[in-house]
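Got chain P; can you put chain X on it based on the hints?
So the protein lines, in turn, are chains P and X. Heads up: the first sequence runs through residues 109 to 409, numbered per the working numbering. Heads up: the second sequence runs through residues 120 to 244, numbered per the working numbering.
Hints listed in this document are in silico derivations from the structure and should not be mistaken for laboratory results. All the given hints hold, so there is nothing to weed out.
Label pairs and their in silico Cβ distance ranges:
(1) P:175 to X:226: 58 to 68 Å
(2) X:173 to P:364: 12 to 22 Å
(3) X:132 to P:144: 50 to 60 Å
(4) P:402 to X:169: 51 to 61 Å
(5) X:214 to P:343: 45 to 55 Å
(6) X:150 to P:168: 56 to 66 Å
(7) P:138 to X:238: 54 to 64 Å
Note that CB positions come from ideal geometry on N, CA and C, so glycine has one too.
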Amino acid sequence: VDEGVGTAQPAKNLVQPLELAGRRVLIVDDNATNRRILTAQLSRMGMATRETGSSAEALDWVEAGEPFDLALLDHLMPGLDGLALGQAIRAARPNDAPVVIVLSSVGHRAIRDADDVAFLTKPVKPSALHDAIVTALAGETAPSAPTRATGREPAGPQIAIDHRLDILVAEDNAVNQKLALRLLERMGYAADIAGNGLEAISALERKHYDVVLMDVQMPELDGLEATRRIVARWGPGERPTIVAMTANAMDGDREMCLAAGMDDYLSKPIRTAELAAALSRAVDGRRERSADLAEKGVGPS
Amino acid sequence: VTGDAALDAATIVQLFEAVGSDPDFLDELAAAYLADAPEQLAAARAAIAAGSAEDLVRPAHTLKSSSATLGAQGLAGLARELELGARAGSLDGADAALTAAEAEFARVEAALAERRRSGWTSSAS
Numbered sequence: 109v110d111e112g113v114g115t116a117q118p119a120k121n122l123v124q125p126l127e128l129a130g131r132r133v134l135i136v137d138d139n140a141t142n143r144r145i146l147t148a149q150l151s152r153m154g155m156a157t158r159e160t161g162s163s164a165e166a167l168d169w170v171e172a173g174e175p176f177d178l179a180l181l182d183h184l185m186p187g188l189d190g191l192a193l194g195q196a197i198r199a200a201r202p203n204d205a206p207v208v209i210v211l212s213s214v215g216h217r218a219i220r221d222a223d224d225v226a227f228l229t230k231p232v233k234p235s236a237l238h239d240a241i242v243t244a245l246a247g248e249t250a251p252s253a254p255t256r257a258t259g260r261e262p263a264g265p266q267i268a269i270d271h272r273l274d275i276l277v278a279e280d281n282a283v284n285q286k287l288a289l290r291l292l293e294r295m296g297y298a299a300d301i302a303g304n305g306l307e308a309i310s311a312l313e314r315k316h317y318d319v320v321l322m323d324v325q326m327p328e329l330d331g332l333e334a335t336r337r338i339v340a341r342w343g344p345g346e347r348p349t350i351v352a353m354t355a356n357a358m359d360g361d362r363e364m365c366l367a368a369g370m371d372d373y374l375s376k377p378i379r380t381a382e383l384a385a386a387l388s389r390a391v392d393g394r395r396e397r398s399a400d401l402a403e404k405g406v407g408p409s
Numbered sequence: 120v121t122g123d124a125a126l127d128a129a130t131i132v133q134l135f136e137a138v139g140s141d142p143d144f145l146d147e148l149a150a151a152y153l154a155d156a157p158e159q160l161a162a163a164r165a166a167i168a169a170g171s172a173e174d175l176v177r178p179a180h181t182l183k184s185s186s187a188t189l190g191a192q193g194l195a196g197l198a199r200e201l202e203l204g205a206r207a208g209s210l211d212g213a214d215a216a217l218t219a220a221e222a223e224f225a226r227v228e229a230a231l232a233e234r235r236r237s238g239w240t241s242s243a244s
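Chain P on its own, in the form it takes in the complex:
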């Protein structure tokens, strides 16, 4: 839908706008029509593009030292496919490889875990493309941010999923409060604290939050009831993503949290990798939700 606006219309995403103008993008797709569409979309975002239908030529450019911030690679191509090309690009430029996004129409899930690259399914809507680029480039500002949870505790700030999120920690336990703040701080987040459910709700009245890390057991008003009130009061496009934190590893605990309206669940003691994964899921969930609402014409107020 052409909204009749000359400049690129940023999608109604919750990820903070990031400067896209002037970024250099490598587009590789053997289909000329796709290349033309991508080029047009990226130009509207103010990005500088260079395109080719040949993986080999793309690799030549990269090896010759041409600077790219981002590489948009079609997956199904003759010769090197998108994934392999992405890997080759990274290998060619270990220190300053562009961020890689692979576009694929099939086998999306099957190749998802193949490498630490972003995937987009074709056909790509401009808003989805915009969001994916913003997310990928934002992730890149934190050094090679692997957002996937690994078995090991990632080394501190490396895991920063540098999506700007306003986070509220609702937790009454002083020890766990301190630890949660510290882990978030190491990911680059300065979170606010609420000592119980009532305080959490007043905090939400004063300020917009993207994510609430909600302890389940709290005095005054527990996390379950606080969540029910939040859900009753704020619509899906307005309220924060609520992630339960609970020390009860009991059956049915998770279901209880979800039934109350929470979006996700962390068991305590919280670990960096699990926390990072939950925040990453929150970012994805919020992006999907805002896209859904935008589609229905119910933009967040």
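Using the frame of chain P, we list chain X on its own:
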């Protein structure tokens, strides 16, 4: 035997790395714990003396949760036992479990002090 240690060594190592290998921060975290845990034990004692399972739930839960955070698994286990009983409305065995928790807390306190002296990096506990 690790089961005898008041603090789980692996948890401490993991915690130390997770907070950025910052001994000062762990000092702070331990201090918050050492200030709070006796209050929870006292509140639990008062709840049992008053015969109130309901009032026992929160202090037992809090003690369980922060003890687990610092790797005090034995104490966390005792607190969990207290919490589960209290949630079921029962104080059966609560007195004995709390007495054991109080004794275990003394061991945890000593172990934390030892960790603190060693800068949180020694492998002994």
